[in-house]
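Student: Sequence:
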Amino acid sequence: MRYTLIILTLILTFSCKVKAQKNDLKIVCNESTKNDSDYSDVVIIKSCEFKNHSFKSIGTPDYKGRYSYDYELFSNDKDDTLKVNNSDFFNLNAKELEKLINDKLKAEFESNSKIPEISDCMSWIDFRYYKLNEFGISFTYKNQMEFNIDYGIGSACFNVSSSSVIMEISELEKYLK
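Numbering of the sequence shown is given in the numbering used here, commencing with residue 618 and proceeding in unit increments.
Fair warning: there could be bad hints in the mix.
[Stated by the list, open to error] Each pair of labels, with its calculated beta carbon distance range: (1) Val701 with Asp653: 18 to 28 Å; (2) Ile661 with Ala773: 17 to 27 Å; (3) Lys721 with Lys695: 29 to 39 Å.
By construction, these hints were calculated from the structure, which means they are not laboratory data.
Ideal Cβ positions, reconstructed from N, Cα and C, are used throughout, including at glycine.
Let's have the full structure, built from the sequences with the hints guiding it.
Tutor: So, in structure tokens, the structure goes:
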């Protein structure tokens, strides 16, 4: 009887830990819009909660209705919400993640540079290695993390002025604190 009780306790403890880990990787996002007289279209605000952090992206339209985004990251604890850097969200393996993202961006950049229809615009991009804190982070509707970079080129080349690397949460687990 005593062994049965011990085994039952171990099983319950293990199953609770597994459920806690699954809930820890749950992403909850809300999207809203607001009218702003400064813009020709609505402003899009997306907030996502993940691992005691809030990821906020604010999309503002240009005169043609094309959206550009600004990103913010906040750490949420019991008493306070603090704005933090991307690097504060990831663990000591963040340099490996940073390199992985840059490798994917570089491959996309090199591939796009060979497309005749956009090669002129691609030549305006001064491609370099980007630090983790330079990326805007958001989430897709498939619960994937998206790392966004704005190359800072003119609106004439808006279609290639930014790029994203999308990764599954399962790929990122080893980089998360």
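Student: Work down the list of hints and note, for each, if the structure agrees.
Tutor: For each hint, the structure was consulted:
| no. | hint | result |
| --- | --- | --- |
| 1 | Val701 with Asp653: 18 to 28 Å | 27 Å, holds |
| 2 | Ile661 with Ala773: 17 to 27 Å | 23 Å, holds |
| 3 | Lys721 with Lys695: 29 to 39 Å | 36 Å, holds |
The structure fails none of the hints (numbered hints given earlier).
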